[in-house]
Amino acid sequence: MAVVSTIRAIGHRIVNMVWRIGVAARFFFLTLRYSGTSFSRFHLIIKELFSTGVMSLIIIVVAGLFVGMVLGLQGYETLKRYGSESALGVMVALGLVRELGPVMAALLFASRAGSSMTAEIGLMKATEQISAMEMMAVNPIARIVAPRFWAGVISMPLLAALFSAVGIFGGYLVGVVQIGVDEGSFWSQMQAAVDFREDIMNGVIKSFVFGTVVTVIALFEGFDAPPTAEGVSGATTRTVVTSSLAILMLDFVLTAIMFRGA
Amino acid sequence: MTFPKGKLIAIMGLSGCGKTTLLRHIGGALKPTKGYVKMDGQIMHELDQDGLYAMRRKMGMLFQFGALFTDMSVYDNVAFQMREHTDLPEDLIHNLVMMKLHAVGLRGAQQMMPSELSGGMARRVALARTMALDPMLVMYDEPFAGLDPISMTVIGDLIRSMNDVLGATSIIVTHDIQESLKIVDYVYFMANGVIVAEGTPDELRASETDFVRQFIHGEMDGPVPFHYPGVDYRQALNLRA
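Chains C and V, in that order, give the protein sequences.
The numbers in the numbering used here rise by one with no breaks, and the one at position 231 of the first sequence is 231.
The numbers in the numbering used here rise by one with no breaks, and the one at position 193 of the second sequence is 193.
No wet-lab data here; the hints were simulated from the structure.
One or more hints might be untrue.
Below are the EDC-like pairs computed for lysine to aspartate or glutamate, each with C-alpha atoms no more than 16 Å apart in a straight line [stated by the list, open to error]: (1) V/31 x V/48; (2) V/58 x V/134; (3) V/7 x V/198; (4) C/47 x V/71; (5) C/47 x V/76; (6) V/58 x V/40; (7) V/182 x V/203; (8) V/182 x V/164; (9) V/58 x C/251.
Values in this document were obtained by computation on a predicted structure and should not be read as measured data.
I would like the entire structure built from these sequences, with the hints used as guidance.
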């Protein structure tokens, strides 16, 4: 009997998971379908860009600076063994533009802006604001979800680019200003080695995908949250956990597609 | 159940008897498993989304705790539907919002945020927002819940006067007997999802029906038992018979 109930419980969880993925996919398509209104009233997106993008600037800049400084320090220690200290700029830039910029910015975005979106929409649901909007014949997907979705999709690549730029500056501060790596070779090797299409554009594509996934997860969790304090807190936690795992898994898949053999 | 035009009708009953569910059916938020809701010649659950939204533009609903949009000021809350559903110029919207807020006595609170309002004020702002587009049907979900006696009288009077001024039909879901009997034209009593009594306030005050008497006089025991069904008390205390 114990085996049967265990199998039943596992089956129930799998069915639930598949069901939720289906509902989330439907939610995503509805968001795209009702996005037209958001673009015709762009001020709604601008308002959300402020709360998701601009309000995330500080955490992105500070984290980017420190990650770049650590990269500069660790990179120098490693490259010194092979007498290639002059390649520090290349290492820092490629590490940030290809990987750390998009991934770290997306992880920070999920915990700062994603959790906030989930909590806000979850609380709107708990306080019947979403029901009120529906009763006023205003589609909440078009009015609440779509502007936040596009704000997330637009702000994520910009935040990742900023993370990488500040990170490179952090690497410069440690490598060139503090340790004394030659400034000319730091910048010139970076300029020669970093390819716009292969490196920068692939990084932008990654951050665009991460932005889409994190924002959809955050909005869906908020919209689907049970309208209780416990429900909203659980949904907020799920947003951060699911988004983080999705970012790391997708990063592997995208890296394998983009850079295999490059 | 019928709700004639221009009348103010109360649906009363114990918590959990299906009053709010009924409002959600009328608003088309739920699909009935049996029966139907017909409004203005249309059966609500047969409408597609566009039809449903078109019908909802003729309705207003006041939620239990107001459900004001917390990221918008009082002014923007009242202007919300006007901006969403009309192409009115902003100066005309301004005048309309002022008129609605004046009607609920909160013209001076236009720049306040919902978090700065008391429960009674929030309910009055929500009432102004509900009336923004002069709906033909207004639904009130527990409009008196959690209000002090003065706010309760104010809200009650506003509901009655707005109904009369607009010529709308109003449905109040409540279990506040005294306040609602003062203002409504007709009452339906519900229990376990069905109508158990109905009539005008005077008829119900004079009613000899056990349920109605217990409800109106707030008696502790009667057709609605004080104790929730459970095991025998002695058994619950582990006592021998």
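Hints breached by this structure: 9
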